[in-house]
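J.: So the protein lines, in turn, are chains A and B. Read left to right, the first sequence gives residues 1 to 76 (my numbering). Read left to right, the second sequence gives residues 77 to 361 (my numbering).
Hints were generated in silico from the structure; no laboratory data involved. Cβ coordinates follow ideal geometry from the N, Cα and C atoms, glycine included. One should not assume that every hint holds.
Unchecked claim - Distance ranges between label pairs, derived from CB positions:
| hint | chain 1 | residue 1 | chain 2 | residue 2 | range |
| --- | --- | --- | --- | --- | --- |
| 1 | B | 217 | A | 51 | 30 to 38 Å |
| 2 | A | 14 | B | 148 | 27 to 35 Å |
| 3 | A | 44 | B | 217 | 33 to 41 Å |
| 4 | A | 5 | B | 153 | 20 to 28 Å |
| 5 | B | 105 | A | 20 | 54 to 62 Å |
| 6 | A | 53 | B | 140 | 44 to 52 Å |
| 7 | A | 6 | B | 201 | 34 to 42 Å |
| 8 | B | 90 | A | 15 | 56 to 64 Å |
| 9 | B | 271 | A | 5 | 29 to 37 Å |
| 10 | A | 15 | B | 252 | 33 to 41 Å |
| 11 | A | 15 | B | 94 | 47 to 55 Å |
Unchecked claim - Listed below are the simulated EDC-like cross-link pairs for lysine to aspartate or glutamate, each with C-alpha atoms no more than 16 Å apart in a straight line:
| hint | chain 1 | residue 1 | chain 2 | residue 2 |
| --- | --- | --- | --- | --- |
| 12 | B | 291 | B | 245 |
| 13 | B | 240 | A | 44 |
| 14 | B | 291 | A | 27 |
| 15 | B | 240 | A | 10 |
| 16 | B | 240 | A | 24 |
As the list claims (entries may be wrong) - Coverage of chain A stretches by chain B, computed from C-beta distances (three or more under 8 Å per stretch; other residues unrestricted):
| hint | stretch |
| --- | --- |
| 17 | 19-29 |
| 18 | 34-44 |
| 19 | 47-61 |
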Amino acid sequence: MERIAEWLHEKNPGLDGPIGPDEDLIEARLIDSMDFLEFVDLLEELSGRSIDLQEVTIDDFRTLARVRERFLSAAG
Amino acid sequence: MSTPGTTVLPDGGLRSPGPGLITLDPDHTALLRGLDELLAGLAVRLSAPEVVGPPLLSVDGLARLDFFRNFPHLGVSAGRFEPEALDGLAAGEAPAGLPLRPTGYLLPSATCYGLLLSLEGRDVGAEGLRLSATGRCFRNETRFDGLRRLWGFHMREVLHLGTKQGALEHLEQGAEFVRELAGRLGLDLTRAVADDPFYDRGGSRARLMALDPVKHEFSAPDGTAIASVNRHRNFFGERLGIRAGSEGPAYSACVAFGVERWVHAMVLAHGTPARALDRLREAGA
Chain A
1 MERIAEWLHE
11 KNPGLDGPIG
21 PDEDLIEARL
31 IDSMDFLEFV
41 DLLEELSGRS
51 IDLQEVTIDD
61 FRTLARVRER
71 FLSAAG
Chain B
77 MSTPGTTVLP
87 DGGLRSPGPG
97 LITLDPDHTA
107 LLRGLDELLA
117 GLAVRLSAPE
127 VVGPPLLSVD
137 GLARLDFFRN
147 FPHLGVSAGR
157 FEPEALDGLA
167 AGEAPAGLPL
177 RPTGYLLPSA
187 TCYGLLLSLE
197 GRDVGAEGLR
207 LSATGRCFRN
217 ETRFDGLRRL
227 WGFHMREVLH
237 LGTKQGALEH
247 LEQGAEFVRE
257 LAGRLGLDLT
267 RAVADDPFYD
277 RGGSRARLMA
287 LDPVKHEFSA
297 PDGTAIASVN
307 RHRNFFGERL
317 GIRAGSEGPA
327 YSACVAFGVE
337 RWVHAMVLAH
347 GTPARALDRL
357 REAGA
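Just chain A, with the same shape it has in the complex (with noise of 0.2 Å):
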């Protein structure tokens, strides 16, 4: 989740502090539409599986809390 939450700093330069594990990181745009692709790769490169877009809905994206346990738990 680190690595995570440093790749939301670094398109957010403007951001105070951590990001709260129920934070919308959709509607506050702290995934900008332009990078969308970039998270999910990323993700990929995390989770060492591939994301089929057709699979997934936009609330798996939504949190930090939810990324975690739908691309990076074991289970996931």
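Place chain B on chain A using the hints.
T.: For chain B alone, coordinates are given in the frame of chain A:
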């Protein structure tokens, strides 16, 4: 002193100046004006003052809104003839093919861009701001189709800037208004998720939009989309430094109407422009 009688159009009607360009005859013009007046009812209902947007938009401003990243194919540029071409033109040389110099300005492709750019650096307060305008908009298209797809058309928009919640409420009120007005006009509209005409359909923005639609369209039975509700999150607020009081970058949303397409939908629903006008008058009464 005699009053002039009603002028009758010559046989053959009014000529089209070229592909995607139409001179509206009196009936279609009356429909366009009357429909725009009814559509402006949303602005009245939401206390959105009427403004007139700028006729041209700077390419620098549009670039900051990622316009060229998303829609490089749509932009209709305002150019002027190179100075060395002027003598030839004045001497009667054919203008086609003579060199043009870009001015750094584009004709608007949507009404809200000019309004948004006019608010750069402003604070709209936590209560937010609404504005409405009708503007002529221009888009390069690969094909044209009557009033359904024109090179230039009128777009009425009611724009909101403020909080996230305010933007959502604006769109709900806009959608409710579209449903009510369609009922009064006898139009059968279908609401569906829609996509903007992105140049790179496999790109990041298009893929995210497919997962999380930010645009819904209302379409006539023949598939013509005549209205849309659009949420921009805080994209424009952030890019243009527009604040909503202490809430940070303003969230924006707009309700947009393609007025010629409403004319098309009315004629489609009621058979002829004359019958469509009758129905319009009933609805406006």
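J.: Now tell me if each hint is right for this structure.
T.: Checked hints:
1. 217(B) - 51(A): 30 to 38 Å: holds (35 Å)
2. 14(A) - 148(B): 27 to 35 Å: holds (28 Å)
3. 44(A) - 217(B): 33 to 41 Å: Given range 33 to 41 Å: holds, Cβ gap about 37 Å.
4. 5(A) - 153(B): 20 to 28 Å: Roughly 43 Å apart at Cβ, these two residues miss the hinted range, so it is violated.
5. 105(B) - 20(A): 54 to 62 Å: holds (56 Å)
6. 53(A) - 140(B): 44 to 52 Å: violated (28 Å)
7. 6(A) - 201(B): 34 to 42 Å: Given range 34 to 42 Å: holds, Cβ gap about 35 Å.
8. 90(B) - 15(A): 56 to 64 Å: holds (57 Å)
9. 271(B) - 5(A): 29 to 37 Å: holds (32 Å)
10. 15(A) - 252(B): 33 to 41 Å: Roughly 36 Å apart at Cβ, these two residues keep to the hinted range, so it holds.
11. 15(A) - 94(B): 47 to 55 Å: Holds, at about 50 Å.
12. 291(B) - 245(B): holds (15 Å)
13. 240(B) - 44(A): Roughly 31 Å between the alpha carbons, so the hint for residue 240(B) and residue 44(A) is violated.
14. 291(B) - 27(A): holds (14 Å)
15. 240(B) - 10(A): Not OK: residue 240(B) and residue 10(A) at ~24 Å, beyond 16 Å, violated.
16. 240(B) - 24(A): holds (12 Å)
17. 19-29: Holds, because 4 residues of the stretch 19-29 of chain A bring their Cβ atoms closer than 8 Å to Cβ atoms of chain B.
18. 34-44: holds (count 5)
19. 47-61: holds (count 5)
The structure is inconsistent with the numbered hints 4, 6, 13, 15, although it conforms to all the rest.
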